[in-house]
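A.B. asks: Here's the letter readout for the chains.
Number of protein chains: 2
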Amino acid sequence: MSIATVVSVFNGEHSVGSQVTVRGWVRTRRDSKAGISFLAVYDGSCFNPIQGVVPNNLNNYQDEILKLTAGCSVEMTGEVVESQGKGQTFELQVTEVKVVGWVDDPDTYPMAAKRHSIEHLRELAHLRPRTNIIGAVMRVRNCLSQAIHRFYHERGFLWASTPLITASDCEGAGEMFRVSTLDMQNLPMTDKGEVDYDKDFFGKEAFLTVSGQLNAETYACALSKVYTFGPTFRAENSNTSRHLAEFWMVEPEVAFADLDDVAGLAEDMLKYAFNAALTECREDLEFFAQRVEKTAIERLEAFVSSDFAQVDYTDAIQILKNCGKKFEFDVEWGIDMSSEHERFLAEEHFKAPVVVKNYPKDIKAFYMRLNDDGKTVAAMDVLAPGIGEIIGGAQREERLEVLDMRLEEMGLEKEDYWWYRDLRRYGTVPHSGFGLGFERLVSYVTGVSNIRDVIPFPRAPRSANF
Amino acid sequence: MSIATVVSVFNGEHSVGSQVTVRGWVRTRRDSKAGISFLAVYDGSCFNPIQGVVPNNLNNYQDEILKLTAGCSVEMTGEVVESQGKGQTFELQVTEVKVVGWVDDPDTYPMAAKRHSIEHLRELAHLRPRTNIIGAVMRVRNCLSQAIHRFYHERGFLWASTPLITASDCEGAGEMFRVSTLDMQNLPMTDKGEVDYDKDFFGKEAFLTVSGQLNAETYACALSKVYTFGPTFRAENSNTSRHLAEFWMVEPEVAFADLDDVAGLAEDMLKYAFNAALTECREDLEFFAQRVEKTAIERLEAFVSSDFAQVDYTDAIQILKNCGKKFEFDVEWGIDMSSEHERFLAEEHFKAPVVVKNYPKDIKAFYMRLNDDGKTVAAMDVLAPGIGEIIGGAQREERLEVLDMRLEEMGLEKEDYWWYRDLRRYGTVPHSGFGLGFERLVSYVTGVSNIRDVIPFPRAPRSANF
Chain L
1 MSIATVVSVF NGEHSVGSQV TVRGWVRTRR DSKAGISFLA VYDGSCFNPI QGVVPNNLNN
61 YQDEILKLTA GCSVEMTGEV VESQGKGQTF ELQVTEVKVV GWVDDPDTYP MAAKRHSIEH
121 LRELAHLRPR TNIIGAVMRV RNCLSQAIHR FYHERGFLWA STPLITASDC EGAGEMFRVS
181 TLDMQNLPMT DKGEVDYDKD FFGKEAFLTV SGQLNAETYA CALSKVYTFG PTFRAENSNT
241 SRHLAEFWMV EPEVAFADLD DVAGLAEDML KYAFNAALTE CREDLEFFAQ RVEKTAIERL
301 EAFVSSDFAQ VDYTDAIQIL KNCGKKFEFD VEWGIDMSSE HERFLAEEHF KAPVVVKNYP
361 KDIKAFYMRL NDDGKTVAAM DVLAPGIGEI IGGAQREERL EVLDMRLEEM GLEKEDYWWY
421 RDLRRYGTVP HSGFGLGFER LVSYVTGVSN IRDVIPFPRA PRSANF
Chain Y
1 MSIATVVSVF NGEHSVGSQV TVRGWVRTRR DSKAGISFLA VYDGSCFNPI QGVVPNNLNN
61 YQDEILKLTA GCSVEMTGEV VESQGKGQTF ELQVTEVKVV GWVDDPDTYP MAAKRHSIEH
121 LRELAHLRPR TNIIGAVMRV RNCLSQAIHR FYHERGFLWA STPLITASDC EGAGEMFRVS
181 TLDMQNLPMT DKGEVDYDKD FFGKEAFLTV SGQLNAETYA CALSKVYTFG PTFRAENSNT
241 SRHLAEFWMV EPEVAFADLD DVAGLAEDML KYAFNAALTE CREDLEFFAQ RVEKTAIERL
301 EAFVSSDFAQ VDYTDAIQIL KNCGKKFEFD VEWGIDMSSE HERFLAEEHF KAPVVVKNYP
361 KDIKAFYMRL NDDGKTVAAM DVLAPGIGEI IGGAQREERL EVLDMRLEEM GLEKEDYWWY
421 RDLRRYGTVP HSGFGLGFER LVSYVTGVSN IRDVIPFPRA PRSANF
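Same order as they appear, the protein sequences are chains L and Y. The numbers in this note's numbering rise by one with no breaks, and the one at position 15 of the first sequence is 15. The numbers in this note's numbering rise by one with no breaks, and the one at position 210 of the second sequence is 210.
Calculated from the structure, these hints are not laboratory results. A few of these clues could be false.
Copies of one chain are not kept apart here, so a pair can be met inside one copy or by any two copies together.
[Stated by the list, open to error] Okay, derived cross-link-like pairs now, SDA-like style, lysine to any residue, Cα gap no bigger than 20 Å in a straight line: (1) Lys375 - Thr190; (2) Lys204 - Asn186; (3) Lys199 - Asp183; (4) Lys33 - Lys351; (5) Lys204 - Asn237; (6) Lys98 - Trp159; (7) Lys98 - Pro55; (8) Lys98 - Phe256; (9) Lys98 - Asp258; (10) Lys199 - Arg462; (11) Lys199 - Asn239; (12) Lys204 - Glu175; (13) Lys414 - Asp404; (14) Lys325 - Phe350.
Please take these sequences and the hints and turn them into a complete structure.
C.D. replies: Listed below in structure tokens is the structure:
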């Protein structure tokens, strides 16, 4: 008798006739009139539970087995037999069921085997991984993260963990969370009546980072190819389905690479990750296609087999102006495109993922490389059908004098960027990178539209429970 | 002509006689009297730079090549030839050197090709990845992180990202960083004169997590095998070589597993990771053995080929009392062993990695499973020769009534742990896990003794630069 995961039984890793013990939780129990019970037991190793056929001559049949309910934990031992049911390869002819943990008051068990609204599940973040949907999300999330690490590793990138706590709001991007150990009830003050951050843990004001990019650049300018995969924070007070206060980002940064190089890298990475999901999480994706988003599988398959379109921002604006469609927000050269524009381009015009390149410098960050026209920068957004922007990137300004000019234009202090400027003073190289919001990727692959449902414990305004 | 990484040339991926372009930074330049220059160029893809043999008939030989200094970025094109030098397989017979970026005032370039103290390099965290030592650390760090992800993936674990921001100090472990968006200069107060956290971003006090364990347990109790790999925080005001305010932790959590199961998992994981480093980062480890820690390679090889010893805490105390050695801190049953005790056990007594098990309950956390003796809990520490404690873990208390008793004993409120207790109310299972401080692992493998030097941008008291 050996311990077996459910997936290993389904995959035929235990020969028919052998005895195995599966350990997990009861999804459902069904009793036939003939005095046989059917237990569906899951353990998280795959989407489907395994069926145990339990004869009524087991010792604890009356006292225990007939009392099993959804959520009870069991060790179920039996002989592997070919399944008569459709869709399943193998099941267990059960010889022993050991009850490990009961469910307190099954009538009020929050995860009883019925369908719950996904909003309701969010309130029960500690139990929702027991549901089909969150279990499937987690397997896909894991698959995508493993694929991303593998992708970069195979291509010779080094994972570089950039710091979460930062004392400089270098990017100036939006609201940041303050990190402090000062006694709030009793703040130390300077002579001038200001909070005395010199007394704080880091000896100055500190915040949670909004991006690892500037730090990653220092490593790319030494080791050529690096990527980050870590948490990032935004203190924006926005309660949308696409925003979290804490989320995971993937940020590759490549020396000697221009914008087209990293556009190609983005295309390769997305296709690699989607192929992994299509191959390794088929059952989970089938569930999403059935219950959440009909096109879940087709749109991934279309994505991996399509060539990305490429269009200049300036041309994209012309397309939008001439398309005859009425948009909520007016289209003019210089605007920051909104979601309706982006989705029109990807879904209706190009009918493919699109890389929009060379945006007006005034709507982009100081570190993006100025193009020869003096008006645009070498920035890109990757727009995906069905979701809009999924990746944002740029070639970085590697010329010290241009960088300084841009800092000045934007009213930023050169001194604050001394170490960033050093990279341009000492052996500067063209380099480029992009950022991928990992939860948006998981959301896209699963079709689960609110990103609070694709991260284990979502953080949002007024919401940091568990 | 094709673009090549340095490692790909060394590995013979480009046939002798073919033309390749290598892109990177000059480590050294040496000019022979015969009118030939030798450029050593690195790109981070491996430890050694590649040698380019540059004839003096190149167009820019006088004007540029003879002015190249350490840190200049170049694109060097040439024919792959077998190297005459020892230790190197191939070099380039150079036909073109394009200078991409010069070094401003080479005499003051902080990373000029001389040896710097590792403390000095810490002040230059943005440039130190250009040094041999930090480059090697980063390749080993990357190798270990990839190996850890691979290890768990191969064994069917799911990566679960637990939250960084938490509103509950569940573990009560040490000082935490507060996360807030309140205007410190103008704090909102309640009628009672207390800071009004209801006005804060999350509507209550929030902190940076000290461990993902309790959250990971909720996922293990649904999906069986999970692990975290993410940042963790300690606001301890300690300036030691083994502490950081921000560091990365690996925390597996396994359902239906007891303490011995995860002791075995810890052994397998460490050996897997060390084998990866020995195989994939040989040159880097040779450098560490030469320059940092003589036994760097031997001790890893000894580690992977040794069986872990196992000893009960109670027996370990007897060993320490009877060993005849004088310790700084007295040995009595009930003490929290200090580093000298741990290292004696691993280095002198067992001469192998040791798992110490079943610690007195009074020195361990509430969630560790109470043993039948009523005095000890199923906790373990893994001690490694040369470093001491590297892993801490435990079987978790899965029995609700015992958990409640322990909470009460420790003066903790049951209500604060409602969701943690729910796991014991609904299909509870025996489960176990451990935590590995990732930087301590990198420090152990490289021999670089201060963990500030094995993380890209260390955070410590009064130190959050870059």
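A.B. asks: Now tell me, hint by hint, if it's right for this structure.
C.D. replies: Status of the hints after comparison with the structure:
{"no.": "1", "hint": "Lys375 - Thr190", "verdict": "neither (45 Å within a copy, 51 Å between copies)"}
{"no.": "2", "hint": "Lys204 - Asn186", "verdict": "both (17 Å within a copy, 18 Å between copies)"}
{"no.": "3", "hint": "Lys199 - Asp183", "verdict": "both (10 Å within a copy, 17 Å between copies)"}
{"no.": "4", "hint": "Lys33 - Lys351", "verdict": "neither (55 Å within a copy, 64 Å between copies)"}
{"no.": "5", "hint": "Lys204 - Asn237", "verdict": "between (25 Å within a copy, 15 Å between copies)"}
{"no.": "6", "hint": "Lys98 - Trp159", "verdict": "neither (45 Å within a copy, 29 Å between copies)"}
{"no.": "7", "hint": "Lys98 - Pro55", "verdict": "within (14 Å within a copy, 79 Å between copies)"}
{"no.": "8", "hint": "Lys98 - Phe256", "verdict": "between (61 Å within a copy, 13 Å between copies)"}
{"no.": "9", "hint": "Lys98 - Asp258", "verdict": "between (61 Å within a copy, 17 Å between copies)"}
{"no.": "10", "hint": "Lys199 - Arg462", "verdict": "between (29 Å within a copy, 9 Å between copies)"}
{"no.": "11", "hint": "Lys199 - Asn239", "verdict": "between (34 Å within a copy, 16 Å between copies)"}
{"no.": "12", "hint": "Lys204 - Glu175", "verdict": "both (18 Å within a copy, 18 Å between copies)"}
{"no.": "13", "hint": "Lys414 - Asp404", "verdict": "within (7 Å within a copy, 57 Å between copies)"}
{"no.": "14", "hint": "Lys325 - Phe350", "verdict": "within (15 Å within a copy, 77 Å between copies)"}
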